[in-house]
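Since the structure of chain A is already known, use the hints to place chains B, C and D on it.
Chains as they are written, first to last, in numbering that gives the first Met the number 0: chain A, 0 to 257; chain B, 0 to 257; chain C, 0 to 257; chain D, 0 to 257.
None of these hints come from the bench; they were simulated from the model. Quick caveat, the model's predicted, so the values are computed rather than measured. Please note that the accuracy of each hint is not assured.
Heads up, the list lumps identical chains together, so a pair's fine if it works in one copy or across two of them.
The calculated SDA-like cross-link candidates involving lysine to any residue, where the alpha carbons are at most 25 Å apart (straight line), are [what the hints assert, rightly or not]:
id : residue 1 : residue 2
1  : Lys14     : Lys206
2  : Lys230    : Leu218
3  : Lys230    : Arg127
4  : Lys80     : Gly119
5  : Lys152    : Met0
6  : Lys55     : His210
7  : Lys80     : Val232
8  : Lys126    : Arg208
9  : Lys206    : Leu49
10 : Lys28     : Asn162
11 : Lys150    : Asn36
12 : Lys54     : Glu172
13 : Lys185    : Arg44
14 : Lys145    : Ala74
15 : Lys3      : Asp178
16 : Lys205    : Val232
17 : Lys185    : Cys69
18 : Lys202    : Glu224
19 : Lys27     : Ile163
20 : Lys230    : Gly52
21 : Lys71     : Val215
22 : Lys126    : Lys155
23 : Lys206    : Tyr136
Spelled out from the first residue to the last, the chains are:
4 protein chains.
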Amino acid sequence: MKVKLGNNVTIIDDKGKKFVINITKGAKKVKGLGIINSEEFIGNRYGEVLEIGNKKCVILPASSKDYIDCLKRKAQIILPKDSAQIIMNCSIKSGDKVVEIGSGSGALTIALAKTVAPNGKVISYDKRKDFIEIAQYNIEKAGLEKYVEFKLKDAKNGIDEKNIDSIIMDIPEPWELVDIAWGSLKIGGYFCSYSPLISQVEKTVKKLREHPFVEVYVLETLQREMIVLEKGVRPSFNMLGHTGYLTFARKTLAKVRV
Amino acid sequence: MKVKLGNNVTIIDDKGKKFVINITKGAKKVKGLGIINSEEFIGNRYGEVLEIGNKKCVILPASSKDYIDCLKRKAQIILPKDSAQIIMNCSIKSGDKVVEIGSGSGALTIALAKTVAPNGKVISYDKRKDFIEIAQYNIEKAGLEKYVEFKLKDAKNGIDEKNIDSIIMDIPEPWELVDIAWGSLKIGGYFCSYSPLISQVEKTVKKLREHPFVEVYVLETLQREMIVLEKGVRPSFNMLGHTGYLTFARKTLAKVRV
Amino acid sequence: MKVKLGNNVTIIDDKGKKFVINITKGAKKVKGLGIINSEEFIGNRYGEVLEIGNKKCVILPASSKDYIDCLKRKAQIILPKDSAQIIMNCSIKSGDKVVEIGSGSGALTIALAKTVAPNGKVISYDKRKDFIEIAQYNIEKAGLEKYVEFKLKDAKNGIDEKNIDSIIMDIPEPWELVDIAWGSLKIGGYFCSYSPLISQVEKTVKKLREHPFVEVYVLETLQREMIVLEKGVRPSFNMLGHTGYLTFARKTLAKVRV
Amino acid sequence: MKVKLGNNVTIIDDKGKKFVINITKGAKKVKGLGIINSEEFIGNRYGEVLEIGNKKCVILPASSKDYIDCLKRKAQIILPKDSAQIIMNCSIKSGDKVVEIGSGSGALTIALAKTVAPNGKVISYDKRKDFIEIAQYNIEKAGLEKYVEFKLKDAKNGIDEKNIDSIIMDIPEPWELVDIAWGSLKIGGYFCSYSPLISQVEKTVKKLREHPFVEVYVLETLQREMIVLEKGVRPSFNMLGHTGYLTFARKTLAKVRV
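Bound conformation, chain A alone (with noise of 0.2 Å):
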């Protein structure tokens, strides 16, 4: 397979660093890169090593991984460690109609865009302009736009769907939306919220309890890299603390515990 003209392709140095671009004519300027020409990748075999500044880098394909790797971001991002949390334990599939409430930067968007494909949709409220926009600039640059619809609302003040697979929120007060959610998930679908803080967690899961909701459950997820060196191996020295709190919960018609 080789590079052609309008390929978006991901570029990975010999430090490991990684970089999604188009491939279009003329000069640009890539941020770790300096200014390329990216015409002259045109023809070259996908997984071949070539030479670009000064390194040696390999050229393959972008996938869905790529673009979240290498996402514009605004503001703090639904990490993928977390975004494939949601996907499990809401079953998204394809062909689901998930909403998504907090568009941010899109991460979670490209996530849940690319596993709804090709049959399904992925509605993406934010209340803030700045934000859709680079939501949308992201999900553009993936490839993804047929599968995300964007809305420039406060979800507080009602959602359009009705009958939705799942509905993942990334605000700060998921606990107010309980309502709103029930309302718009089908039978059987699935709440979730992403919260750092313990506060919001235990609004949300006290006013999910007040209404019909079974399957109601937090989970915490760390992750640590271990490295294989010549001499032995080890856990990375490296390691995020702390993202967020996953709230989980599933619809139903009446609550089973009374």
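Leaving out everything else, chains B, C and D in the frame of chain A:
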């Protein structure tokens, strides 16, 4: 939405215990529920509470997570926390062709199959007939048999597929299949092995480094539940100390680092 | 060194199970060992293997860790992983005067007492007679009674000591004793509270911040065993998900941050 | 209590930064505080706030934890979270004779010395003169020189002490000293090695199992700070992913498991 004959349903009791059953005519024994006549549920609305045995239960349409949670097990399975990371870090998506080496009880197979559906395929190798049989049973119960092909073969003797998007291994000696994996993957395709022991990780990473692979890294994922009590919140006392390390890599044509 | 009448000895069996007993005349029943006549061990060399019941066992002089590991328990104890952090972060040393609020079963009391010996003192308050009794039993078994004074009193009504080096609390409402703690500590002395719930931590820290304390911080310590097998190494599957948070602070005369 | 000439004092500034200095005549430069005339602090009450440079600071009597926190470092030190576990799991107490192999910068040496004081002794070996010098500097600054004897020797050639209570190693090949350790320990005495790599742990444990040792186990300790904000509580984003594994064992005369 109402329960119909032939539906796969999830029953959740008032202790949070979960059962996946098929709605059939006649009585059947379900471990933990006793003898039930599932026919009686026909016509009930999903999400409503009904009494089964002496317990209040709710009936929901079965989700892919339910199938995994209620799997018939023969060996230790790859848990959702880890299969979520595999799918995310290998960028697996709808339409992908994925090879799994080591079907086990089919827990990861279900997660992979629901991700590649409706146009993709999982090809799952195992050299033990009893594992293939239980995995097949679980896949069929989950209604995902269209997306999975089982092969009763020792993958060490080679695999038939070429140009695959990802290859995932849950076998004792993944390093012995690095050659075969490289040969079968498309450029930019993902390798993943799941291994409980550090020595397995070490051997696999060293073998991967001899081949043209980039983005070689190893992750350990720990997950802990948070418990919301009336008087406050605390982490769960129960926590699984270890499952397996995940080793990832991505195929290129030449090595970037010399 | 040989076993003598009156010695406290640690017996470790071939499964690694540990028992602390006193060498006395006559038969006694030890849970897990059956009926033994400890007099028979007299004259044996410490460290030698002997048969007790049908098990091969080794006899060692009892250490303070043995006393803690083999404690008679009434309530949940503060585990060695946490008492180690308390002693380190409160800089507790030989000669210190330390107040403990909440004797519990005396596990922390043993660790404190062996640290302040031979010239220091632990004063341990509990409002429940049954706890004092069991703690006293355990302290006497460990031969540390010279270094501990128990007080059957509710510390909320005040404590008698002044100018103490450290005060350690394992009670449900540590924030209610922040005033009393400040009043009793010497300048630069250490406050520590052990709390399972986040809400307890939050209230205690907020109360500490109203008083002249510096170095206010909260630690959670997780510990996991590594298992060395013939075929390789892995973390233990067994791991305690949570014990308690440790809140530390240090007395000053005026607040540094305004 | 007032500051006097010759005192070791801890200065904590309004950002929580900490400095240990000796009160001397004349100006001196302290990194982070600038040029200060410590003589001026004489007569101030400990615990009061005073202005140093342009910062509000509090002065406290220096504790052993302060000496460790403010150590002059040459190499990576053993952190308090780990030295706490060493002292606890080796049952180290006042009066003990402890051998340390690998003085490093003396961080563990301080923790050991303050534990064995006033009647015990730490004998600390290092084959590098520069390490002994810096460790000696730090021990003297902490006023613990009475309790420590440094030996500029490669312990692989043997150690002089017999019948010691504990031996603690922070060296690259602890397995090479298992014989020597066994020979020097008293019956029931404790062995501990600190190792960053799994391969070091594996070799050490396998060597220990060839000798008469019981209670052979390996611990990893993770510590995370909890942050109490006005709006709620969350774990710290900063967390050290790894320091070292601690391998423990205890000397007997014969092996219990055959």
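Each hint tested on the structure:
1. Lys14 with Lys206: between (48 Å within a copy, 19 Å between copies)
2. Lys230 with Leu218: Only across copies: Lys230 and Leu218 sit 19 Å apart there, 36 Å inside one copy, limit 25 Å.
3. Lys230 with Arg127: Cα proximity of Lys230 and Arg127: across copies only (22 Å, versus 51 Å in one copy).
4. Lys80 with Gly119: both (23 Å within a copy, 24 Å between copies)
5. Lys152 with Met0: neither (43 Å within a copy, 30 Å between copies)
6. Lys55 with His210: between (57 Å within a copy, 17 Å between copies)
7. Lys80 with Val232: both (22 Å within a copy, 22 Å between copies)
8. Lys126 with Arg208: For Lys126 and Arg208, the Cα distance exceeds 25 Å both inside one copy (27 Å) and across copies (36 Å).
9. Lys206 with Leu49: between (56 Å within a copy, 24 Å between copies)
10. Lys28 with Asn162: neither (45 Å within a copy, 33 Å between copies)
11. Lys150 with Asn36: neither (36 Å within a copy, 47 Å between copies)
12. Lys54 with Glu172: For Lys54 and Glu172, neither the intra-copy (46 Å) nor the inter-copy (35 Å) Cα distance is at most 25 Å.
13. Lys185 with Arg44: Classified as between; 12 Å across copies, 47 Å inside a copy.
14. Lys145 with Ala74: Within. Shortest intra-copy distance 24 Å satisfies the 25 Å Cα cut-off; inter-copy 41 Å does not.
15. Lys3 with Asp178: This pair counts as neither: shortest intra-copy Cα distance 49 Å, inter-copy 29 Å.
16. Lys205 with Val232: between (43 Å within a copy, 11 Å between copies)
17. Lys185 with Cys69: For Lys185 and Cys69, only the inter-copy Cα distance (22 Å) is at most 25 Å; the intra-copy one is 34 Å.
18. Lys202 with Glu224: between (33 Å within a copy, 16 Å between copies)
19. Lys27 with Ile163: neither (42 Å within a copy, 33 Å between copies)
20. Lys230 with Gly52: neither (33 Å within a copy, 46 Å between copies)
21. Lys71 with Val215: between (33 Å within a copy, 24 Å between copies)
22. Lys126 with Lys155: within (10 Å within a copy, 50 Å between copies)
23. Lys206 with Tyr136: The answer is neither: 35 Å in one copy and 39 Å across copies each exceed 25 Å.
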